[in-house]
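Novice: Both chains are given apart, each in its own frame, so use the hints to dock them into the complex.
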Amino acid sequence: MSMSSVKSPYTVPPPCNHLASYKLKNGLAGYTSLQEYLRIAPNGKPAISKPDSKAPGCSSCNGSHQRLYLCLSCNWISCIDHTLSHTRSSLGHEIAVDIERAELYCGTCRDQVYDPDFDRAVMCKYIREMMPRGRNGFEGISIISERSSKRRRLVPGLDSDFSVSKQLICSGDQRAKSCYPLGLRGLNNLGNTCFMNSVLQVLLNAPPLRNYFLNNKHNQDACRKASADRFCLLCDIDVIFSAVFSGDRSPFSPAQFLYSWWQHAANLASYEQQDAHEFFISLLDGIHEKEGKAKDLNKDGRDCQCIAHRVFSGLLRSDVTCMACGFTSTTYDPCMDISLHMDTNSSLSADSPNKANKSSGNNMGSSSSTLIGCLDLFTRPEKLGSDQKLHCQNCQEKQHSLKQLSIRRLPLVLCLHIKRFEHSLVRKASRKIDWYLQFPFSLDMGPYLSSSIVRKRFGNRIFPFEGDESEISSEFEIFAVVTHSGMLESGHYITFVRLRNMWYKCDDSWVTEVDEKTVRASQCYMVFYVQKMLYYKANEELSCIPISSQRDAFLPVVGCC
Amino acid sequence: MRGSVNRPPTPEAEDGRQDQHLSLQEIINIKLVESGEKERLKELLRERLIECGWRDEMKELCRSFVRKKGKNNVTVEDLINVITPKGRASVPDSVKAELLQHIRSFLGSAAL
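Protein chains in written order, with this note's numbering: chain A, 1 to 561; chain B, 1001 to 1112.
One chain only, chain B, in its complex shape (with noise of 0.2 Å):
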């Protein structure tokens, strides 16, 4: 990237990064991005969403929100901390079961 007068010194976290002790998960997790496998789950998980009506459910929930509170009052971060919770309440078991197994299959032809 390119420099910038503006730009703060560089904080202990970046350095301190690679000498940390990574979690099982944050390793799974830079394995599925560097391979671009998470990128094609994300692309499977936007369809199954929108297959069964998920998408359109919280479309619907913003909605009304907006409505309520009148489309002036409302910022992005404020929609998305009303429908997360209740998105995450509302992913199908199906679309879950299905996600896992592929991460699992992921996991098993990766080395790690």
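Here chain A stands alone, though its shape is the one from the complex (with noise of 0.2 Å):
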């Protein structure tokens, strides 16, 4: 089992005296003898099921409209009531299996019971069943519980202090204490390139990569000697930063940065405007490339080391399940960010209250108009279509298939992308989805780990699931927002930060204090969280920045304060 510092998803509970007096009766021998009957239905989910594919009915009633349970002493099904009946008339028939869910049951306590030993009899049979054939997405999975837990350390660099080595920072005089934290700046437009500037000021305010920046983990010399490359997108990056850590409020123009970017990304190198989300993957994308020819990375498979993977990249899985024979074929996919769909799904009836929004997407009156809504949406078994029939390696044959996604490791930074623009092939039209979303300020990711959606699928089990034990935490903050107002091909990206729990808008040149209401009643296209910790670290190291009294940093100039 888990360590005890590490927060387990699940306690077990102790057994009803009945589920106790049964153990000690009969062992393990009736939870073996039952991994015969045990069968894994199309959905995926374990039950039992009698050799016969007669309908399994009530022996007293013949009922088949109630759940129905096989007692283990004598192997009765009954339906509810004559299970509790049989309970009260032949002793020591307690304990019952929901034939439907393969899950225990008292018909003395009458109510669900839990025992580790039966479900990993239920387990055992489940890998048994599908592990010759393929991994079944259970790899690392023992069956004796014994298990090494991998500790994921917080890679080095980007969570140290924040030792300010940089002699240009500075906090300046009297005035500058008033006015706003250190690391705020307005970014002039060069030409709609405001999709460009909301993208910079997220970079500017995440956690790890101003530790990263801040601590001279990019020295400009050392990469102009090392390679002979004129532009470093990186050096650029280095370069705002140091520009807006400078103490000088009057708003920056970073031209070398997009110069720099427009080698990079010369399809894109215009003056148009541009997608704020297709410019962010485009220069995670040039990092990676730029530090990966540098660090000659070897390309066996390992985990690349360069900054924009390091902050910004998690890990998918994605479940194919065979709905002939249950089979899951599993895939690992890399990710820098996670592209949401908004629901165009009409939900219930209009004289279901509609209650307020609070933090839990699971709302009636608007499942998806909010974030975790998308998310929900994002992690939902979907059918695949007839035209999408799959080859089962189980049944030999294509098949319709269910796909259904999860989150198996998470980024030091989530970015959450709201697919708000859609582009028709069909119609070679394109739109812009205005639809408000409501987003959370603190948001936990755990419902949406592949160990809480693997551990959903076969009902409510007492295992331990690849995953569990990660010591990292799910919980994260929002540091930023960008937003889009106005139409498809005129519209203006802003960006709102968080530092210190109070919100600054950054629209171009101007930066701007705000409320916390119109951050809540923007329209999100980017959300960017943070792991909880990082954010609060980073808040500690805000307040602590020494003084020094090299320059008259604070100048009042247009666009600040």
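In case anyone wonders, no lab produced these hints; they're calculated from the structure.
It is possible that some hints are incorrect.
A few chain B residues that don't get close to chain A, going by computed Cβ distances all over 10 Å [what the hints assert, rightly or not]:
#1 Ile-1050
#2 Phe-1065
#3 Lys-1068
#4 Gly-1070
#5 Ile-1083
#6 Gln-1101
#7 His-1102
Now the in silico label distances, taken between C-beta atoms and shown as ranges [claimed, not checked]:
#8 B/Asp-1093 x A/Trp-435: 22 to 28 Å
#9 A/Ala-521 x B/Pro-1085: 35 to 41 Å
#10 A/Gly-92 x B/Lys-1059: 33 to 39 Å
#11 A/Ser-49 x B/Asn-1073: 32 to 38 Å
#12 B/Asn-1073 x A/Cys-304: 50 to 56 Å
#13 A/Ala-521 x B/Ile-1080: 26 to 32 Å
#14 B/Ile-1080 x A/Glu-513: 49 to 55 Å
#15 B/Leu-1100 x A/Lys-25: 45 to 51 Å
Straight line, CA to CA, 25 Å or less: simulated PhoX-like cross-link-like pairs of lysine-lysine [stated by the list, open to error]:
#16 A/Lys-403 x B/Lys-1042
#17 A/Lys-50 x A/Lys-23
#18 B/Lys-1042 x A/Lys-383
#19 A/Lys-389 x B/Lys-1042
#20 B/Lys-1068 x A/Lys-45
#21 A/Lys-217 x A/Lys-532
#22 B/Lys-1071 x A/Lys-456
#23 B/Lys-1031 x A/Lys-45
#24 B/Lys-1059 x A/Lys-389
#25 A/Lys-383 x B/Lys-1096
#26 A/Lys-50 x B/Lys-1031
#27 B/Lys-1042 x A/Lys-456
#28 A/Lys-383 x B/Lys-1071
#29 A/Lys-45 x B/Lys-1059
#30 B/Lys-1071 x A/Lys-403
#31 A/Lys-456 x B/Lys-1038
#32 A/Lys-432 x A/Lys-517
#33 B/Lys-1038 x A/Lys-383
#34 A/Lys-398 x B/Lys-1042
#35 B/Lys-1038 x A/Lys-50
#36 A/Lys-50 x B/Lys-1042
#37 B/Lys-1038 x A/Lys-398
C-beta: ideal position from N, C-alpha, C; glycine also.
Specialist: Here's what the structure looks like:
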């Protein structure tokens, strides 16, 4: 089981007296003999069924509209009413199994009960059944519960203390204290470059990136010597960091950076408006390319250590389940962000009360006008159409399949991209979806992890799943939102950043303090979250910047204060 | 299934079942199960009820019930009893219609 310091996703409830005495009397014999009748239903869940395909019904009343239970002592199948009377009349026949779900029930307690041994028997059968034909997504699962917990340490350098080594950084005079925190500076629009400015403001305020650049982890001199290539996006970003943290509040023009990026993304080099998300991905790609070459990384599948990957890279898991036999094939793909669809399905009838959107996305009236709703949709099993039948290794033919996505590994900084721009090839038209989307400031990604999603598939089980022992927290805090206003062709991007729980609006050259309400009411396009621990650490660091009197850093200028 | 010394004597109901005149509903149910159609319909129903938010509403009803009673004072049976009437009443008509349509076409193709 998990180490005491790790938060376990489940606790083992103590058995009721009846389960305990059943175990004393029968041990595991009842469970093992039950394995013969365990099968995998088309939805992938374990169930119990008799060898003949006769419709299961209550042996006493033939009813089949209620849940049916199989008595573990005498194999009698009964509906709930007759299960209860059976328990009363036959001594020792308290424990039964819900045949549709393969879950334990106690007739005297009249409630579901849990036994890790039972769940292990169910899961063993499942694994044994599926394992010979493939891993079935159970890599690393050992039936014996001994498992080394793989500690994923935070990458060194990204979480190091904010040791301010650069001499340029100073806090200036008294006026500065009443002004904005360090790291806020307007960026001039160089010709429809708000898409670039908005993303740059995010990077300037992403705690791991701020630490990286302000700790001089990308040394421009060393970089220039090491590579003959004149253009280095990281050097240019380093220049921007220095400029923004210099204390000079006059709007800065990131011209050198823009020029560098044009070299990398030649097809996008123009003064036309670009898509901020596309730019973001292109920028990360550019950073990876350059650093990948410089560090001569081996290509044997090891995780890339370029700064872009270290900060933004996560791992997505995709499970495709055959609907005929339940066999599941799993693949993993790295991702730098998650693009979410907004649901077009309508919710229930109008007479259902529309409760106010609190933190839960489980709200009927507006199932997908929340970010949580979009995440639910993202991880919901999707039935693939008849034209997308996939070859099942087990059945050896093409079958209807179910596909489900989940997150195997979360990044340090999570970028959630809302798909607001629809491009229809059929209609040869594009449109923007303007719906409001509510998003939380604190986000727990736990329910979307592969361990949670996979665990849910097997019913209510006391069983350790791969990934359960992860020590990485799934709790995130928001630190930036890129919003888009206006129409598809002629819109405008602005970024809201959060520093020490205060919100600031970065609109090209203008940086102003804003209310939390303004941020919540905005139309989000890309929402950026950082692991909670890093967020709070960064906040602490912001409050203890050493004061230096090297120059009068604060100039009253347009755009700030 | 394995024999067991604890097994009570076979009651008459089992034998009686074969002789009983089965209602149309029971016959349809047996046909649906034996052909596997019932399971497919259940999956379709599950999908539709998730899509329209019905399952989330039931979850919320359960949660508020557990909050009210205290989590150690609630059994699965209590929950089933509480949400069944509300659940049945709030299934959207479109979902009912779709399933009926499937059953009708199944009956049309199955030899009864």
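Novice: Each hint should be assessed against the structure and marked as holding or not.
Specialist: Results of checking the hints against the structure:
With a least beta-carbon separation of about 7 Å from chain A, B/Ile-1050 fails to lie farther than 10 Å from that chain, contradicting its non-interface assignment. The beta carbon of B/Phe-1065 is kept farther than 10 Å from every beta carbon of chain A, the shortest such distance being approximately 14 Å. At roughly 16 Å, the least C-beta separation between B/Lys-1068 and chain A is larger than 10 Å, which holds for a residue marked as non-interface. With a minimum CB-CB distance of about 14 Å to chain A, B/Gly-1070 clears the 10 Å threshold, and the non-interface call stands.
The beta carbon of B/Ile-1083 sits about 14 Å from the closest Cβ of chain A, which is more than 10 Å, so the claim that it is off the interface holds. Listed as outside the interface, B/Gln-1101 is consistent with that label: its C-beta sits roughly 18 Å from the nearest C-beta of chain A, beyond the 10 Å cut-off. With a least beta-carbon separation of about 15 Å from chain A, B/His-1102 lies farther than 10 Å from that chain, consistent with its non-interface assignment. The beta-carbon spacing between B/Asp-1093 and A/Trp-435, approximately 26 Å, falls within the hinted interval of 22 to 28 Å.
Restraint check, A/Ala-521 to B/Pro-1085: a C-beta distance of roughly 39 Å satisfies the suggested window 35 to 41 Å. Checking the proposed 33 to 39 Å range against A/Gly-92 and B/Lys-1059 shows it holds: the Cβ atoms sit about 35 Å from each other. Between A/Ser-49 and B/Asn-1073 the beta carbons are some 34 Å apart, a value that agrees with the proposed interval 32 to 38 Å. Distance hint check for B/Asn-1073 and A/Cys-304: the Cβ-Cβ separation is about 53 Å, which falls inside the suggested range of 50 to 56 Å.
About 41 Å separates the C-beta atoms of A/Ala-521 and B/Ile-1080, a value inconsistent with the hinted range of 26 to 32 Å. Remark: the range hint 49 to 55 Å for B/Ile-1080 to A/Glu-513 is upheld by a beta-carbon distance near 53 Å. For the pair B/Leu-1100 and A/Lys-25, the supplied restraint of 45 to 51 Å holds, since their beta-carbon distance comes to about 48 Å. For the proposed pair A/Lys-403 and B/Lys-1042, the alpha carbon gap of about 18 Å is at most 25 Å, so the pair holds.
For the given pair, A/Lys-50 sits about 24 Å from A/Lys-23 by alpha-carbon distance, which is consistent with the 25 Å threshold. Proximity of B/Lys-1042 to A/Lys-383 is assessed by CA-CA distance (about 14 Å); at most 25 Å being required, the pair is judged to hold. For the proposed pair A/Lys-389 and B/Lys-1042, the alpha carbon gap of about 21 Å is at most 25 Å, so the pair holds. For the suggested pair B/Lys-1068 and A/Lys-45, the alpha carbons sit about 31 Å apart, so the restraint of at most 25 Å is broken.
Restraint check for A/Lys-217 and A/Lys-532: the C-alpha separation of about 23 Å stays at or below 25 Å, so the hint holds. With a CA separation close to 20 Å, the supplied pair B/Lys-1071 and A/Lys-456 stays within the 25 Å bound. A C-alpha spacing of about 23 Å is found between B/Lys-1031 and A/Lys-45, which places the hinted pair at or below 25 Å, so the restraint holds. Between B/Lys-1059 and A/Lys-389, the direct Cα distance comes to roughly 32 Å. Violation of the 25 Å bound is thereby established for this hinted pair.
For the hint pairing A/Lys-383 with B/Lys-1096, the CA-to-CA distance comes to about 20 Å; that is within 25 Å, so the pair holds. Of the pairs offered as hints, the one joining A/Lys-50 and B/Lys-1031 holds, with about 17 Å between alpha carbons and a cut-off of 25 Å not exceeded. Under the criterion of a C-alpha separation no larger than 25 Å, the hint pairing B/Lys-1042 with A/Lys-456 is consistent with the structure, at around 18 Å. Distance restraint check for A/Lys-383 and B/Lys-1071: the Cα-Cα separation of roughly 35 Å exceeds the 25 Å cut-off, and the hinted pair is therefore not satisfied.
Simply put, A/Lys-45 and B/Lys-1059 have alpha-carbon atoms about 20 Å apart, close enough for the 25 Å limit, and the pair holds. Of the supplied pair hints, the one linking B/Lys-1071 and A/Lys-403 is violated, its CA atoms being roughly 34 Å apart against a limit of 25 Å. Restraint check: the Cα-Cα separation between A/Lys-456 and B/Lys-1038 comes to about 23 Å, which is no more than 25 Å; the hinted pair holds. Proposed proximity of A/Lys-432 and A/Lys-517 is supported: the alpha carbons are some 24 Å apart, at most 25 Å.
Taken as a hint, the B/Lys-1038 and A/Lys-383 pair is honoured in the structure, with Cα atoms around 18 Å apart against an allowance of 25 Å. A threshold of 25 Å between alpha carbons decides the hint, and for A/Lys-398 with B/Lys-1042 the separation of about 22 Å falls inside it, so the pair holds. Straight-line distance between C-alpha atoms of B/Lys-1038 and A/Lys-50 comes to about 16 Å, which keeps the hinted pair within the 25 Å bound. Proposed proximity of A/Lys-50 and B/Lys-1042 is supported: the alpha carbons are some 19 Å apart, at most 25 Å.
This hinted pair checks out: B/Lys-1038 and A/Lys-398 have alpha carbons roughly 22 Å apart, not beyond 25 Å.
Of the numbered hints given earlier, the model fails hints 1, 13, 20, 24, 28, 30; all others are met.
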